[in-house]
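S.K.: So the protein lines, in turn, are chains W and Z.
Letter 94 of the first sequence, counting from 1, is numbered 94 in full-length UniProt numbering, and no numbers are missing.
Letter 157 of the second sequence, counting from 1, is numbered 157 in full-length UniProt numbering, and no numbers are missing.
The hints are simulated quantities; they were obtained by calculation from the structure and are not laboratory data.
Hints are not guaranteed to be accurate.
[To be verified] Subject to a maximum C-alpha distance of 25 angstroms in a straight line, what follows is the list of computed SDA-like cross-link-like pairs (lysine to any residue):
{"hint": "1", "chain 1": "W", "residue 1": "Lys103", "chain 2": "Z", "residue 2": "Asn43"}
{"hint": "2", "chain 1": "W", "residue 1": "Lys110", "chain 2": "Z", "residue 2": "Lys68"}
{"hint": "3", "chain 1": "W", "residue 1": "Lys110", "chain 2": "W", "residue 2": "Val57"}
{"hint": "4", "chain 1": "Z", "residue 1": "Lys155", "chain 2": "W", "residue 2": "Gly30"}
{"hint": "5", "chain 1": "Z", "residue 1": "Lys68", "chain 2": "W", "residue 2": "Gly77"}
{"hint": "6", "chain 1": "W", "residue 1": "Lys55", "chain 2": "Z", "residue 2": "Gly90"}
{"hint": "7", "chain 1": "W", "residue 1": "Lys55", "chain 2": "Z", "residue 2": "Ala109"}
{"hint": "8", "chain 1": "Z", "residue 1": "Lys155", "chain 2": "W", "residue 2": "Asn22"}
{"hint": "9", "chain 1": "Z", "residue 1": "Lys30", "chain 2": "Z", "residue 2": "Asn43"}
{"hint": "10", "chain 1": "W", "residue 1": "Lys41", "chain 2": "W", "residue 2": "Gly30"}
{"hint": "11", "chain 1": "W", "residue 1": "Lys41", "chain 2": "Z", "residue 2": "Pro102"}
{"hint": "12", "chain 1": "W", "residue 1": "Lys103", "chain 2": "Z", "residue 2": "Arg71"}
{"hint": "13", "chain 1": "Z", "residue 1": "Lys155", "chain 2": "Z", "residue 2": "His21"}
{"hint": "14", "chain 1": "Z", "residue 1": "Lys30", "chain 2": "W", "residue 2": "Lys103"}
[Said to hold, decoys possible] Pair by pair, the computed Cβ-Cβ distance ranges are:
{"hint": "15", "chain 1": "Z", "residue 1": "Val144", "chain 2": "W", "residue 2": "Lys110", "range": "43 to 51 angstroms"}
{"hint": "16", "chain 1": "Z", "residue 1": "Lys155", "chain 2": "W", "residue 2": "Glu145", "range": "34 to 42 angstroms"}
{"hint": "17", "chain 1": "W", "residue 1": "Val23", "chain 2": "Z", "residue 2": "Ala62", "range": "40 to 48 angstroms"}
{"hint": "18", "chain 1": "W", "residue 1": "Asn61", "chain 2": "Z", "residue 2": "Leu29", "range": "42 to 50 angstroms"}
{"hint": "19", "chain 1": "Z", "residue 1": "Arg69", "chain 2": "W", "residue 2": "Asp149", "range": "16 to 24 angstroms"}
{"hint": "20", "chain 1": "W", "residue 1": "Phe28", "chain 2": "Z", "residue 2": "Val144", "range": "17 to 25 angstroms"}
{"hint": "21", "chain 1": "W", "residue 1": "Asp149", "chain 2": "Z", "residue 2": "Glu101", "range": "19 to 27 angstroms"}
{"hint": "22", "chain 1": "Z", "residue 1": "Lys68", "chain 2": "W", "residue 2": "Phe131", "range": "38 to 46 angstroms"}
A virtual CB, placed ideally from N, CA and C, is assigned to each residue, including glycine.
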Amino acid sequence: PGLASNSCTTEDRREMQLMWSNVWSAQFTGRRLAIAQAVFKDLFAHVPAAVDLFKNVNGENVDSNAFKAHCIRVVNGLDSAIGLLSDPSTLNEQLSHLATQHKARSGVSKAGFAAIAQSFLRVMPQVASCFNPDAWSRCFNRITEGMTDGLPA
Amino acid sequence: MKSLIAFVCLVAAVNYCCADHVCGPLQRLKVKRQWAEAYGCGNRREEFGHFIWAQVFKEAPAARDMFKRVRGDNIYTPAFRAHATRVLGGLDMCVALLDEEPVLNTQLAHLAGQHSTRGVEAAHYETFEHCVMLGIEHEIGSEVFDQDAWKPCLKVITGGIQG
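Using the sequences and the accompanying hints, generate a full structural model.
M.R.: Laid out in structure tokens, this is it:
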């Protein structure tokens, strides 16, 4: 691939892992919830219809315990995938597991993932210093491509 | 005689205090800190997971049968590594929520639902707790590993998953 390629390179991967580990460690009380909720609040503000997809985790009330726990699960899934960027064969297994979990949810689409990708791009620079949107996007897309395999557009 | 009684009472009190460790607010902070250090990020996590599961199957070889779907027969495969990633990711969520109790309890109930049909016995959870502690100690060193904090706090988590 040439220099303008859209692939998540080893350098991109390292950069993403560094940006991420500085904001998401288990030791930071409250930080995870704040970030995870901010992403979903942003998503719902831009795609109001998406709220309906999260009915069984109380999506109408983003401050409920059920939805907070859901937010944590989703962003924790991203955290695992970011960690696995160092081991592509295991990452692929994990992404196909996540793809199966999402295929079981009707209404979840590739466009939905594109929307939440934009939400991350708006939220992350607010919390991570020295955020690199290009490296982040290339590797974020590497992850969502695997997760959305088999989903409707 | 009085001083002997006082001494006996003191010993009893000390034993009582230390045989009855609790996962209090301070222990939760310590566990979060030590977990973050051990769990790390990126590549090192896989070694951490591998260490824990190698230990689990050494202590309980029959437990491999519970993980047939994810290649429990060979923990070196990507399928099993991905499984180990999910388990540690789940544990990471619980540890991170130790100081957000209402959300922690919601998450534990979610995990309880995922485990209720899998036939996991109390002894299995004990093996897992023990191996996780070995893994933490292995990563952060025996000089600083706080077993009195880890034991009761891991119990809070596995107790919640057992429902």
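S.K.: All hints, please: hold or fail.
M.R.: We went through each hint and held it up to the structure:
Simply put, Lys103 of chain W and Asn43 of chain Z have alpha-carbon atoms about 28 angstroms apart, too far for the 25 angstroms limit, and the pair is violated. About 31 angstroms separates the Cα atoms of Lys110 of chain W and Lys68 of chain Z, which puts this hinted pair outside 25 angstroms; it is violated. The straight-line distance between the Cα atoms of Lys110 of chain W and Val57 of chain W is roughly 21 angstroms, inside the 25 angstroms bound, and the hint therefore holds. Distance restraint check for Lys155 of chain Z and Gly30 of chain W: the Cα-Cα separation of roughly 22 angstroms lies within the 25 angstroms cut-off, and the hinted pair is therefore satisfied.
As the CA atoms of Lys68 of chain Z and Gly77 of chain W are separated by approximately 23 angstroms, the hinted pair is consistent with the 25 angstroms bound. Straight-line distance between C-alpha atoms of Lys55 of chain W and Gly90 of chain Z comes to about 22 angstroms, which keeps the hinted pair within the 25 angstroms bound. Taking the CA atoms of Lys55 of chain W and Ala109 of chain Z, the gap is about 17 angstroms. The hint holds against a cut of 25 angstroms. A threshold of 25 angstroms between alpha carbons decides the hint, and for Lys155 of chain Z with Asn22 of chain W the separation of about 29 angstroms lies outside it, so the pair is violated.
Among the hinted pairs, Lys30 of chain Z with Asn43 of chain Z is consistent with the structure: their alpha-carbon atoms are about 24 angstroms apart, no more than 25 angstroms. For the hint linking Lys41 of chain W to Gly30 of chain W, the alpha-carbon distance of about 16 angstroms falls within 25 angstroms, and the restraint holds. Simply put, Lys41 of chain W and Pro102 of chain Z have alpha-carbon atoms about 20 angstroms apart, close enough for the 25 angstroms limit, and the pair holds. Of the supplied pair hints, the one linking Lys103 of chain W and Arg71 of chain Z holds, its CA atoms being roughly 23 angstroms apart against a limit of 25 angstroms.
Using a Cα cut-off of 25 angstroms, the hinted pair Lys155 of chain Z and His21 of chain Z holds, with the two alpha carbons roughly 11 angstroms apart. Between Lys30 of chain Z and Lys103 of chain W, the direct Cα distance comes to roughly 39 angstroms. Violation of the 25 angstroms bound is thereby established for this hinted pair. Val144 of chain Z and Lys110 of chain W have their C-beta atoms about 46 angstroms apart, which keeps the hinted 43 to 51 angstroms range intact. Evaluation of the 34 to 42 angstroms hint for Lys155 of chain Z and Glu145 of chain W yields a pass: the beta carbon distance comes to about 40 angstroms.
With their beta carbons about 41 angstroms apart, Val23 of chain W and Ala62 of chain Z fall inside the hinted range of 40 to 48 angstroms. The hint said 42 to 50 angstroms for the Cβ distance between Asn61 of chain W and Leu29 of chain Z, and at roughly 29 angstroms that hint is violated. For the pair Arg69 of chain Z and Asp149 of chain W, the beta carbons lie near 20 angstroms from each other, so the given range of 16 to 24 angstroms is met. Checked against the hint of 17 to 25 angstroms, the C-beta distance between Phe28 of chain W and Val144 of chain Z comes to roughly 20 angstroms, which is consistent with it.
At roughly 37 angstroms, the beta-carbon separation of Asp149 of chain W and Glu101 of chain Z lies outside the given 19 to 27 angstroms, and the hint is violated. Here the CB-CB span from Lys68 of chain Z to Phe131 of chain W is close to 43 angstroms, well matched to the stated 38 to 46 angstroms.
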